[in-house]
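So you can see what is in the structure, the chains are spelled out below.
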Amino acid sequence: MLPAVIAGLAVVVGIGIIAIFLTSSIDYYCNVDEIGVREGCDDTRRVRVQGTVDEGSLEQRMTTTAFVMSFNGVSLPVEYDGEPGGIFQECIPVVAHGRVVDGVLLATRIEVKHSNEYEAENKERITEAETSACS
Amino acid sequence: MSESMPARGASTLNLRGTSTPATRIIGVLALAVMTWVVVSAFFFTAPDVVQGDSVRIMYAHVPAAWVAYLAFVTTAIASGFSLVRRHRTLGFDRVAGASAEVGVLFMGLALVTGSLWGRLTWGTFWQWDPRLTTTLFLFITYVGYLAVRRIDASPERRAKRSAVLALLAVLEIPLVHFSVVLWRSLHQEASVLNPDGDVRLDGLMLFTLFSGVVAFTLAFVWLVIHRQRLQTLVDLQGTVGLDSALAARATEAVLR
Numbered sequence: 759m760l761p762a763v764i765a766g767l768a769v770v771v772g773i774g775i776i777a778i779f780l781t782s783s784i785d786y787y788c789n790v791d792e793i794g795v796r797e798g799c800d801d802t803r804r805v806r807v808q809g810t811v812d813e814g815s816l817e818q819r820m821t822t823t824a825f826v827m828s829f830n831g832v833s834l835p836v837e838y839d840g841e842p843g844g845i846f847q848e849c850i851p852v853v854a855h856g857r858v859v860d861g862v863l864l865a866t867r868i869e870v871k872h873s874n875e876y877e878a879e880n881k882e883r884i885t886e887a888e889t890s891a892c893s
Numbered sequence: 169m170s171e172s173m174p175a176r177g178a179s180t181l182n183l184r185g186t187s188t189p190a191t192r193i194i195g196v197l198a199l200a201v202m203t204w205v206v207v208s209a210f211f212f213t214a215p216d217v218v219q220g221d222s223v224r225i226m227y228a229h230v231p232a233a234w235v236a237y238l239a240f241v242t243t244a245i246a247s248g249f250s251l252v253r254r255h256r257t258l259g260f261d262r263v264a265g266a267s268a269e270v271g272v273l274f275m276g277l278a279l280v281t282g283s284l285w286g287r288l289t290w291g292t293f294w295q296w297d298p299r300l301t302t303t304l305f306l307f308i309t310y311v312g313y314l315a316v317r318r319i320d321a322s323p324e325r326r327a328k329r330s331a332v333l334a335l336l337a338v339l340e341i342p343l344v345h346f347s348v349v350l351w352r353s354l355h356q357e358a359s360v361l362n363p364d365g366d367v368r369l370d371g372l373m374l375f376t377l378f379s380g381v382v383a384f385t386l387a388f389v390w391l392v393i394h395r396q397r398l399q400t401l402v403d404l405q406g407t408v409g410l411d412s413a414l415a416a417r418a419t420e421a422v423l424r
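For the record, the sequence lines run as chains A and B.
Per the numbering used here, the very first residue in the first sequence carries number 759; after that it's consecutive.
Per the numbering used here, the very first residue in the second sequence carries number 169; after that it's consecutive.
By construction, these hints were calculated from the structure, which means they are not laboratory data.
Be aware that one or more of the hints could be misleading.
[What the hints assert, rightly or not] Anything over 12 Å on all C-beta distances counts as not near chain B; from chain A, calculated: (1) 785; (2) 797; (3) 859.
[To be verified] Partial chain A-side listing against chain B, Cβ under 10 Å, derived: (4) 770; (5) 784; (6) 787; (7) 839; (8) 876.
[As the list claims (entries may be wrong)] Cβ-to-Cβ under 7 Å is the rule here; a few derived chain B residues that face chain A: (9) 352; (10) 354; (11) 356; (12) 357.
Here a beta-carbon is modelled for each residue, glycine too, at the ideal position from N, C-alpha and C.
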């Protein structure tokens, strides 16, 4: 029984170490305002950046999708060759994978990060959603 | 080998099968609630205002994940009893094994439905984010647990070895559940059992989800009862087979 208790304690301590000390390595993305600021979010390497697609910023230029994503008052222009999948739209949080070149994130992948709120769709709500958009 | 254990477990069974009136009731209830969930999920609940119809996958994905957690916790509790108790050790071990098997099945279902849902909403089937990675790790751990159970050994040795592993493996569950709070993840936070205590689902959506949890839980109970009874019969068969062989060998020796 004692070896099992020791092994259990070792696992708990291991989990604690992972949870506390490796946070920045395990985090899936950096927020827009952390690029070039937070450790692991250097603008000299490939990054995954999270922000909300700005209202009215979405543009289709030939095969390229361009938009601006923002987080915490900081914005970053994004260019993606292709059409993002999932429920991509304005005012929705996304994670863009790519490199920052001349202040523009050249994305090779876009993922939508939807919220944990679920609301039944009805005419009133669609109108409400369209008028309030990013608010 | 404790011969009385399998025999005692088997004595309560209808030897023509593994069902009893109680399991039939559970089975019928599970089927009835599951039917309601399917009808409500596809015909009564509205699409989500952002996700549209893809939200309907939630009614299978969330209950499957919940039942997998429940199954692995049940495995740990039964394993704890099998280690601590002096009697009915093998009975608890069979419950632990049966629950882990069903848990792996539901965890697999949660991974598949989650992947399909991810493709429709995130735009990708899979990413190595904290929630998805820890969930896969949990799944693989319990596949490993089932593999350990199949290592050739006496039932007592099997019980002890797998119980220790089950008690360690269950510690992964909090890590999986809270991975979306501890780290930044592509996966959304929980809509019901979240740290704020808020429920972020509309009325009928919540009721259908709750019904799904009830239906999957009933199915889990039904499956585990049947599986552990089947294992009892398998163990009994092994014991009876060994006894017969020993008796035949003894008779042969006397005749010579």
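Tested hints:
no. : hint : result
1   : 785  : violated, 4 Å
2   : 797  : holds, 14 Å
3   : 859  : holds, 23 Å
4   : 770  : holds, 6 Å
5   : 784  : holds, 5 Å
6   : 787  : holds, 6 Å
7   : 839  : violated, 15 Å
8   : 876  : holds, 5 Å
9   : 352  : holds, 4 Å
10  : 354  : holds, 6 Å
11  : 356  : holds, 4 Å
12  : 357  : holds, 5 Å
The structure fails to meet hints 1, 7 from the earlier list, while all remaining hints are met.
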